[in-house]
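Take these sequences, add in the hints, and give me the full structure.
So you can see what is in the structure, the chains are spelled out below.
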Amino acid sequence: MTSIVRNQWYVAAYGREVGRELFSRTICGESILFWRTEAGQVTAMSDRCVHRRFPLSQAPSHLVGDTVVCGYHGFTYGADGGCVAVPGQTRVPRTARLKAYPVVEQDSFVWVFIGEAELADPTTIPRAPWLDQEGWTAVSGMEPLAARASLLIDNLMDLSHETYLHGGYIGTPEVAETPITTEVDDDAGIVYVSRHMADAECPPFYAKSTGIQGRITRWQDIEFAPPCLYKLHSRIAPTGSVPQEDGTDPDAFHVEVVYAITPETESSTHDFWAVARDFALEDAEVSEFLRENNRTVVLQDVVALDVLEQVLAGEPDGYQELSINIDTGGLAARRLIARLAGEGAGAAQAVAR
Amino acid sequence: MNEVLAGERVMRVNWLPGSDRLRGRCHCGAETEAEDPVQMWEWLLAHPDHPAGGAGAPDPVGELPPPPAHVVTDPALVRGRSAVLV
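Protein sequence lines, in the order shown, are assigned to chains A and B.
For the first sequence, my numbering gives the first residue as 1, with consecutive numbering after it.
For the second sequence, my numbering gives the first residue as 1001, with consecutive numbering after it.
Note that these hints are calculated values from the structure, not bench results.
A virtual CB, placed ideally from N, CA and C, is assigned to each residue, including glycine.
Be aware that one or more of the hints could be misleading.
One side only, chain A facing chain B, incomplete, derived with CB under 10 Å [to be verified]: (1) Glu21; (2) Thr178; (3) Pro179; (4) Glu183; (5) Ala188; (6) Val286; (7) Gly329.
Here are a few chain A residues that face chain B, going by a calculated C-beta distance under 7 Å [claimed, not checked]: (8) Thr182; (9) Asp185; (10) Asp186; (11) His254; (12) Gln320; (13) Leu322.
In structure tokens, the structure reads:
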């Protein structure tokens, strides 16, 4: 049985990755070709020519205006995936059409809908506005993870691991020591995990980027919209500082850490990460520091989770694990994803009927 | 406790500071405490039939099955047994 939840929107790329060069990425086991029309619109279609399955992203396949020409025999497709020309004959077979994917460019991401296209509703795509918004500066990247997506979700839903896996970067003793609160909104499909540290050591990640000396009030508020978009609202302020009654928070530094967790296959994942800040907006050194440090932290997770995937893949189904208080949010995320998987399967059956 | 999500069907689990205990509250108002998040979610997700004994409570004991023959000492029970069991 598949662990990939279908009939969902997933982040497939950053907008900057898709241009007038053919670009391919496997999303949820499907090889998808991306390119931008001359008007700048992102397109998403199957990366396999209907003729003999040659990858359309593979040279000498190429773009001609708003069509892509297969580099093997010249089958030519329009931006909607429909075949417009085949070699040596005028009649284009009626079934010569690439599967086209609903695609939306939003908040610096390219989102695609994996499943039955008629079920795609762009208004349900969760937002991460800070990644492309006045008043914020963002750095971002993507690391390939040779592990199933659920391991990354487990990892991100329980930040107590920062103390052990990311010491010297973002981890301090207080993270693992501080109790969390967990909320689940079943209707909205959101898990929210909050850890507010009133008096904590400032890890280098924040000390160097904000310039704060000494101890801090550190808030970590996770907002996960399964199955793909994870947001960590991070608030760093001098000890004792709280937001003002009118909602403004002038004494604090705000960092929005965003992950998009997109299955590549059953056992590999695209680990999109982004860090947006509302301070030092023009400071290239701060940008570079946050980019390098967050990437280092992500790679620490990648190393650990790649090992964990190998271990779990070698164990019989139904292996034992143990959950404690720190896992309250992760368990809630698993349950929501299981529900989405059931709904996705049900919706697919309904469409089939 | 911080309450962030504003929906009508929000379940909350609060790790009680200074303890190892969790306190859970369903959107219907039912509350319980537990020391295990798995049991806590099972209890909350049983809505609207939250187990009366709280999270992790054993299932209510129904009618006991007849005892195995070799531990029966009550002569009345012995006499009442069916021939098959003797």
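Status of each hint after checking the structure:
1. Glu21: At about 42 Å, which exceeds the 10 Å cut-off, the nearest Cβ of chain B leaves the hint on Glu21 (chain A) violated.
2. Thr178: holds, 9 Å
3. Pro179: holds, 4 Å
4. Glu183: With Cβ-Cβ at 5 Å, under 10 Å, it holds.
5. Ala188: Since the shortest Cβ distance to chain B is 5 Å, the answer is holds.
6. Val286: violated, 28 Å
7. Gly329: holds, 9 Å
8. Thr182: OK, holds: Thr182 (chain A) within 7 Å of chain B, min 4 Å.
9. Asp185: This hint holds: Asp185 (chain A) lies near chain B, its Cβ roughly 4 Å from the closest one there, short of 7 Å.
10. Asp186: For Asp186 (chain A), the interface hint holds, since the closest Cβ of chain B sits about 5 Å away, which is under 7 Å.
11. His254: violated, 16 Å
12. Gln320: violated, 12 Å
13. Leu322: violated, 9 Å
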